[in-house]
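Construct the entire structure; sequences and hints are all you get.
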Amino acid sequence: MTVALVRTGGDSVPAVSPDSVIDIRRLSLVFPTADTPVTALQDIDLAVGRGEFISFIGPSGCGKTTLLRVIADLERPTSGEISVNGVSPEQARQNRAYGYVFQAPALYPWRTVVRNVTLPLEIMGIAGAERVERAARYLDMVGLKGFERKFPWQLSGGMQQRVSIARALSFEPELLLMDEPFGALDEITRDRLNVELLRLWEKTGKTVIFVTHSIAEAVFLSSRIVVMSPRPGQILEVIPCDLPQGRTLDARETPQFLEIAHKVRVALRKGHSYDD
Amino acid sequence: MTTEALVGARPARPAASAALWHRLLPLVTVLLIIAVLWYAAAIGLNSQRVRDQLNQTGQSWTTADLIAGTWSMERPVLPTPDQILREFWKTTAETPITNKRNLLYHAWITASATLLGFVFGTLLGIALAIGIVHVRTLDRSLLPWIIASQTIPILAIGPMIIVVLGNIGITGLIPKAIISGYLSFFPVTIGMVKGLRSPDVLQLDLMHTYNSSESQLFRKLRWPASMPFLFTSLKVSISISLVGAIVGELPTGATAGLGARLLTGSYYGQTIQIWTALLMASLLGAAMVYVVAGVERVVIRQMGQRA
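Protein sequences, first through last, are from chains A and B.
Just so it is clear: in the first sequence, position 166 is 165 by numbering that gives the first Met the number 0, and no numbers are missing.
Just so it is clear: in the second sequence, position 62 is 61 by numbering that gives the first Met the number 0, and no numbers are missing.
Hint data in this document are derived by calculation from the structure and do not stem from the laboratory.
Fair warning: there could be bad hints in the mix.
Simulated restraints on C-beta separations [stated by the list, open to error]:
hint, chain 1, residue 1, chain 2, residue 2, range
1, B, Leu201, A, Glu121, 54 to 62 Å
2, A, Ala183, B, Gln304, 18 to 26 Å
3, B, Ala286, A, Ala126, 40 to 48 Å
4, A, Ile125, B, Leu19, 48 to 56 Å
5, B, Thr136, A, Arg148, 42 to 50 Å
6, A, Glu147, B, Ala18, 30 to 38 Å
7, B, Leu23, A, Lys149, 36 to 44 Å
8, A, Gly245, B, Gly293, 51 to 59 Å
9, B, Ile299, A, Thr32, 35 to 43 Å
10, A, Glu121, B, Gly293, 55 to 63 Å
11, A, Pro108, B, Leu44, 28 to 36 Å
12, B, Pro152, A, Glu147, 49 to 57 Å
13, A, Glu147, B, Ala126, 30 to 38 Å
14, A, Val37, B, Ile299, 37 to 45 Å
Just so it is clear, the structure is predicted and the values come from calculations on it, not from any experiment.
All C-beta atoms, glycine included, are put in the ideal place defined by N, C-alpha and C.
Okay, structure coming up:
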């Protein structure tokens, strides 16, 4: 696993590990607005190694979603460098390097559950029989076997979000970008999906970038937690999170968990100014 | 079926007919009110001429004579509903379908122009919408002209289209269909521009993350998302297609079609004939909207929506 490459001052640029999936250097993004330009991201430095589970955490407006969108080539940075799988985000997107899970399920309401999952496969030109086989496999994985022929409105919010996760997995990307995927769900559903996601990550060894504003969720899932602060959006601290593998929800009661959660909370407080 | 099921089914029937009656009651009430007002209006509007006629006979007459007269004139200012319905029955059921006096024959002439115009208008409307949504310059340049086209009174431009096309040898069905299409493309364009733009940011971003092509984006997102908008537009556009077809029949001196019936009716003061043609036109319009709504129900249900 690679070492965290984070600098707050920033004079020397650390060497990039050949194993890194994402490499970001001095990246800034300024949104032009009518009055004053908004600096959404400032001087971001981050490297993510293969197989890591990285959480971006921070208050609203800290740029965590924007940073994820930059990695996904849904936003373009104003300055700095970024590579995904060693190429530009645009090329990575064209190579279909990542699966993206949005805050909302973003299912197409006119497609059945199974046809929502096969949507990316249709676009990527995968043959019909394999599409159906893969959709069945990943719907089974997210616990939605038997719901193939239902339409999205017939499913609860949690089930819809699971469909959207199956859809992101269906084309088997090595990198998963998840933008507060469980933000809108009740805590019980959220806990269960957290466990399922953790099992999936342990089983597949995918690299996951996960945006959240829940400390418990970040500590429970991550191998490293990136704490961000707003105005301008920047990285405050990267906290390693080395809870043992195969953790269950009970892990949240352990002293080690509470200690990491405390570190995250302190870091968040440091970046949170109430003067505006 | 078992006796149990039969017994069980029995109390359901009065309930069903009560529900039906609840739905019909407002409709019947409104119809009754319209009928009463209509007959009253017929007395008022027709009485002057009836009174003149009665006075010419030199004999004394009662109010009952006057009322009976106003409800049975040959060329009334306002014919009564029963006169219109009797004429309607006579010119549809009691006249051979091949006869030029049969109203269904005229309705078919108009309907064929309407349907052809509807197809023209829909295809043109969709094509324009696709262009506007995909080409930025078309969005800026085309839309003002499309809106301007609808501010020209169709009664003014209709004859021009007939004359110009007649000059280059196109007559009959096509010019009428073009006028009809000229009117009906507009709601389709407006509705489809909105419909093709209706996918939200997430749905669009999702396609972007798959690196989909423009045509995949269109086929798998924009087009299906626009279906509800399309059908709303089609219901408007088919009824104004009918208006266009009738207007197209007016200036040509056409001998067939509902428009021609309206025209000859007004030449000869045949108000009953005019009203009968109007009745036929509205029934035709309602039937066509009904068919479009039926297709909409089937399509929307197939797309998993609660229709």
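A quick look at each hint next to the structure:
no.: 1; hint: Leu201/B / Glu121/A: 54 to 62 Å; verdict: violated, 19 Å
no.: 2; hint: Ala183/A / Gln304/B: 18 to 26 Å; verdict: holds, 22 Å
no.: 3; hint: Ala286/B / Ala126/A: 40 to 48 Å; verdict: holds, 45 Å
no.: 4; hint: Ile125/A / Leu19/B: 48 to 56 Å; verdict: holds, 52 Å
no.: 5; hint: Thr136/B / Arg148/A: 42 to 50 Å; verdict: holds, 44 Å
no.: 6; hint: Glu147/A / Ala18/B: 30 to 38 Å; verdict: holds, 37 Å
no.: 7; hint: Leu23/B / Lys149/A: 36 to 44 Å; verdict: holds, 37 Å
no.: 8; hint: Gly245/A / Gly293/B: 51 to 59 Å; verdict: holds, 58 Å
no.: 9; hint: Ile299/B / Thr32/A: 35 to 43 Å; verdict: holds, 40 Å
no.: 10; hint: Glu121/A / Gly293/B: 55 to 63 Å; verdict: violated, 30 Å
no.: 11; hint: Pro108/A / Leu44/B: 28 to 36 Å; verdict: violated, 54 Å
no.: 12; hint: Pro152/B / Glu147/A: 49 to 57 Å; verdict: holds, 55 Å
no.: 13; hint: Glu147/A / Ala126/B: 30 to 38 Å; verdict: holds, 36 Å
no.: 14; hint: Val37/A / Ile299/B: 37 to 45 Å; verdict: holds, 42 Å
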